[in-house]
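Student: Top to bottom, those sequences are chains A and B. For the first sequence, my numbering begins at 1 and goes up steadily by one. For the second sequence, my numbering begins at 1 and goes up steadily by one.
Hint data in this document are derived by calculation from the structure and do not stem from the laboratory. In this text the structure is predicted, and so the values were computed from the model without any measurement. One or more hints might be untrue.
[To be verified] No farther apart than 20 Å at their CA atoms in a straight line, the calculated lysine to aspartate or glutamate pairs in the EDC-like style are these: (1) A:Lys277 x B:Glu122; (2) B:Lys36 x A:Asp260; (3) A:Lys277 x B:Glu37; (4) B:Lys41 x A:Glu366.
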Amino acid sequence: MAVTKIRFPISVFIVVLFALILLSLQLMSTATQGASELSDMYSWLLLGNSLGTMTLFVLIGVNVYSLTRELKKREAGSKLTTRMILLFVMLSIAPVAIVFYFSVQFLNQGIDSWSNVEIDRAMEDALELSEVSLDQRMRLHLKQARQLAKDVTGKSQTLISLEMGDLREKIGATEIAVFSKQGHVISSNSLDPSDILPDFPNEHVWLQVHQNQEYFAFNSAANGDLQIQVIVPVYDDELRYLQVLFPVPVRIADLADSIDFAFVRYQEMTFLRDSLKTSFLLVLSLILLLSLLAAIWVAFISIRQIVAPVKALVKGTQAVASGNYNQQLPVTSQDDLGFLVESFNDMTRRVAQSQDETQAVSAEVEQQRAYLETVLSNLTAGVISFNSAHRIRTANQATYRILHIPVSHFVGRALLDLVKGHIELTQLLEGIQRLLEQAEDIWERRFAFLGPGGRQELLCRGTPLFSPVGERVGSIVVFDDVTDLIQAQKNAAWGEVAKRLAHEIKNPLTPIQLSAERLQHKLAAELTGKSAKILQRSTRTIVNQVEAMKSMVDDFSEYARSSKKQVEQVNLNQLVNEVLALYVLQAELKIVKVFNAKDVVIKADPISIRQVVHNLVKNAQEAMEGVGEIKITLNKVLRNKTEYVELAIFDNGCGLKGQQIETVFEPYVTTKVKGTGLGLAIVKKIIEEHGGVIWVDTTYNDGAGFIIQLPTED
Amino acid sequence: MADDYSADIAISNVNIVGKGCELSADITYKLSPLAKEALNKGINLTWRVLIKIDQKGWLWNSSVYEYEMAYQIQHHAVLNLYSVEQIANGATEAYSTLNAALNSISKIRQLKLDCAFNRDPEKKYYLAVKVLFDREALAVPLRALSYFDKQWALSSPWELWQLQK
Numbered sequence: 001m002a003v004t005k006i007r008f009p010i011s012v013f014i015v016v017l018f019a020l021i022l023l024s025l026q027l028m029s030t031a032t033q034g035a036s037e038l039s040d041m042y043s044w045l046l047l048g049n050s051l052g053t054m055t056l057f058v059l060i061g062v063n064v065y066s067l068t069r070e071l072k073k074r075e076a077g078s079k080l081t082t083r084m085i086l087l088f089v090m091l092s093i094a095p096v097a098i099v100f101y102f103s104v105q106f107l108n109q110g111i112d113s114w115s116n117v118e119i120d121r122a123m124e125d126a127l128e129l130s131e132v133s134l135d136q137r138m139r140l141h142l143k144q145a146r147q148l149a150k151d152v153t154g155k156s157q158t159l160i161s162l163e164m165g166d167l168r169e170k171i172g173a174t175e176i177a178v179f180s181k182q183g184h185v186i187s188s189n190s191l192d193p194s195d196i197l198p199d200f201p202n203e204h205v206w207l208q209v210h211q212n213q214e215y216f217a218f219n220s221a222a223n224g225d226l227q228i229q230v231i232v233p234v235y236d237d238e239l240r241y242l243q244v245l246f247p248v249p250v251r252i253a254d255l256a257d258s259i260d261f262a263f264v265r266y267q268e269m270t271f272l273r274d275s276l277k278t279s280f281l282l283v284l285s286l287i288l289l290l291s292l293l294a295a296i297w298v299a300f301i302s303i304r305q306i307v308a309p310v311k312a313l314v315k316g317t318q319a320v321a322s323g324n325y326n327q328q329l330p331v332t333s334q335d336d337l338g339f340l341v342e343s344f345n346d347m348t349r350r351v352a353q354s355q356d357e358t359q360a361v362s363a364e365v366e367q368q369r370a371y372l373e374t375v376l377s378n379l380t381a382g383v384i385s386f387n388s389a390h391r392i393r394t395a396n397q398a399t400y401r402i403l404h405i406p407v408s409h410f411v412g413r414a415l416l417d418l419v420k421g422h423i424e425l426t427q428l429l430e431g432i433q434r435l436l437e438q439a440e441d442i443w444e445r446r447f448a449f450l451g452p453g454g455r456q457e458l459l460c461r462g463t464p465l466f467s468p469v470g471e472r473v474g475s476i477v478v479f480d481d482v483t484d485l486i487q488a489q490k491n492a493a494w495g496e497v498a499k500r501l502a503h504e505i506k507n508p509l510t511p512i513q514l515s516a517e518r519l520q521h522k523l524a525a526e527l528t529g530k531s532a533k534i535l536q537r538s539t540r541t542i543v544n545q546v547e548a549m550k551s552m553v554d555d556f557s558e559y560a561r562s563s564k565k566q567v568e569q570v571n572l573n574q575l576v577n578e579v580l581a582l583y584v585l586q587a588e589l590k591i592v593k594v595f596n597a598k599d600v601v602i603k604a605d606p607i608s609i610r611q612v613v614h615n616l617v618k619n620a621q622e623a624m625e626g627v628g629e630i631k632i633t634l635n636k637v638l639r640n641k642t643e644y645v646e647l648a649i650f651d652n653g654c655g656l657k658g659q660q661i662e663t664v665f666e667p668y669v670t671t672k673v674k675g676t677g678l679g680l681a682i683v684k685k686i687i688e689e690h691g692g693v694i695w696v697d698t699t700y701n702d703g704a705g706f707i708i709q710l711p712t713e714d
Numbered sequence: 001m002a003d004d005y006s007a008d009i010a011i012s013n014v015n016i017v018g019k020g021c022e023l024s025a026d027i028t029y030k031l032s033p034l035a036k037e038a039l040n041k042g043i044n045l046t047w048r049v050l051i052k053i054d055q056k057g058w059l060w061n062s063s064v065y066e067y068e069m070a071y072q073i074q075h076h077a078v079l080n081l082y083s084v085e086q087i088a089n090g091a092t093e094a095y096s097t098l099n100a101a102l103n104s105i106s107k108i109r110q111l112k113l114d115c116a117f118n119r120d121p122e123k124k125y126y127l128a129v130k131v132l133f134d135r136e137a138l139a140v141p142l143r144a145l146s147y148f149d150k151q152w153a154l155s156s157p158w159e160l161w162q163l164q165k
């Protein structure tokens, strides 16, 4: 079940915050006026607003810190937020500073204008007038009290008590009392009959009396009315004190009170002038600071809200740039930014759609490519593609089967890099590389190399690849192993030749020879002299030439015949020794045997291999004209992890030169006066039919050198 | 100290009487020049004498009894008198000098405290007296500033007297 988070609208929160701040400031402003009931809360309101200010400071500090971190991280929208905040702060501070400055000026001038010299003087005069007036009244009453003290001096306590009422009425006092020196009441009389006890002077008054003998001052009566208290000594036998309390007329008391109140208020106002300025300045600063900070904080929130869609857009753009085309941003407002966000969403939707289509096409292409790759992989022909720099791009599985090298591991490298560790491929790879670099059109070439299974013939076809604008982008080489095919074709061709020779040439030779012999036999007796000699010479020539032709036809038959008639295990060392034994008796011929491999066993037709060795030794003997040294070596070698036996025959005869090296193994190629030129061709045919290879050792310069490699039985 | 205007309290005696006790103490009020000027310019000064009995605790003390007396001194310019008002009952007495006015509130003699509480014999109890100058009773413009001005630091620290078991 989806949970909907209820969010309190930020605008309402801001309105409430500002209302609270305004209320608090209004309360503080009211409390500043001393007469207000809120004045008792002044300090608390001041503290509350100060805490509010500090809280706002902290909130703004947190926001500034957060913004600084965003700036350092180069987060989206941080620079725009900073710029807007700075602009807002500058725009806010300027009017606030102006208002603050002029407010302070007006405030100071206003407070200073409260007092002036005339008012000061008037207040002082009023006070002095009151003091003089009251002082005169007090001195009058002091005089009356002194007179009364004189009147009671010498009178008995009883008499004084009896006359006290009259005396009090006489001087208009509210109370008369006589105290002993120790302060005990001797007698008293009061205007209010309910006042049994007189108003006792306090400790301080007694101290004054004892110090000065007299005391006179204003004080408050029990009912709060102002009265004049006069205490004078009564010098009698024993010192007594007379206390007289005189009432102050209500009008005078009111006037004095009024002047006192006004003067005190004025004094207080004058005294508090600086404090008042400071206090107002404090409140004004607090109000402006609180308002400014609240506005800045709200600006942070508002600007973040305004910038949020821009921030989201930047993040969205970054996401799109990094390949996330499904980016959709929430549309939070219906203003221009909202329209921008909607447009962005529309754009990403379209891009995503295009991307989906592209991906679908790519997938199809990839599928096609995979299909083609599968087809190529499963082709029996090896296929290697190259880039424009002739570096390998792809190679199918058949390349490994044919070349016995994992060519696909050499992607990005040159073809000649394959030579390392595979010297037998040098000629092939160099040939292909040369054609790749030189050929401008389709080419086809046959190459041969020694593979692990013996000599291999490859038919290579190369095709340069061009872009639609004609630029060369690479090339492709396809090659097939045509060893078996070539061999079969050769065999078939030579078989056909041999068959035709036997049928077309050899068959008429016998009748020709017989006819010639018959002519000789019949005509020899009939002819004499010169004619007989001519007949004899002619018939002999015919017979000899027919014999020669028979021999040639036999050689062809031999060449056409399969050499692997009877395959069996052959000890090559022993076989070579047997052949050489036929030549060791010749005095001028030196045969050197170097058999590094002992008891090499191969699977072959012993007659054919014997013929090979014999042919080669004989060739060498003829090349040296019977005088010289023949060196025969027998070694075991490894080619493509397969063991071969290497039989090499070197002579020190006239050797082979240039073109001879290339055509020495072809039929009808010979340097001898006699011979059909089939000897080495037969040798090559026998070796190849046994899965071996023969070549001329071009590094040997003292004569001719032939190297044969045959697979061992292992 | 030269600038120390805090009041001093000297508890002379505390007698346990029945369940209550009687306190005698002398308070010396010291007025700073600024406070004197303010008083003479019509600013009323208010002190509160706070009395409490604390039970000593492990981390903090807990009050088992609290009592307060408040006085306000006012100057009357016309009559040149200083009146002392007991705020609790409104009783006012006028004095011709400031010293006389301050003296009138400086002596506490056998003040009966009805501090009946169940005393734990295992605990220690202290009678504490403090004179608190009430800044909040000052005129509004002076209040905030008085917290930062030593001349208005007229209160005394707590003076303790351990009650005997």
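Student: For the pair supplied as a hint, Lys36 (chain B) and Asp260 (chain A), is the alpha-carbon distance within the 20 Å limit?
Tutor: holds (18 Å)
Student: Checking one constraint from the list: CA of Lys41 (chain B) to CA of Glu366 (chain A), max 20 Å. Satisfied?
Tutor: violated (101 Å)
Student: Need the status of pair Lys277 (chain A), Glu37 (chain B): alpha-carbon distance at most 20 Å?
Tutor: This hinted pair holds, its Cα atoms lying about 18 Å apart.
Student: When you check the alpha-carbon spacing of Lys277 (chain A) and Glu122 (chain B), does it fall within 20 Å?
Tutor: Violated, at roughly 56 Å.
Checked against the numbered hints given earlier, this structure breaks hints 1, 4; the rest are met.
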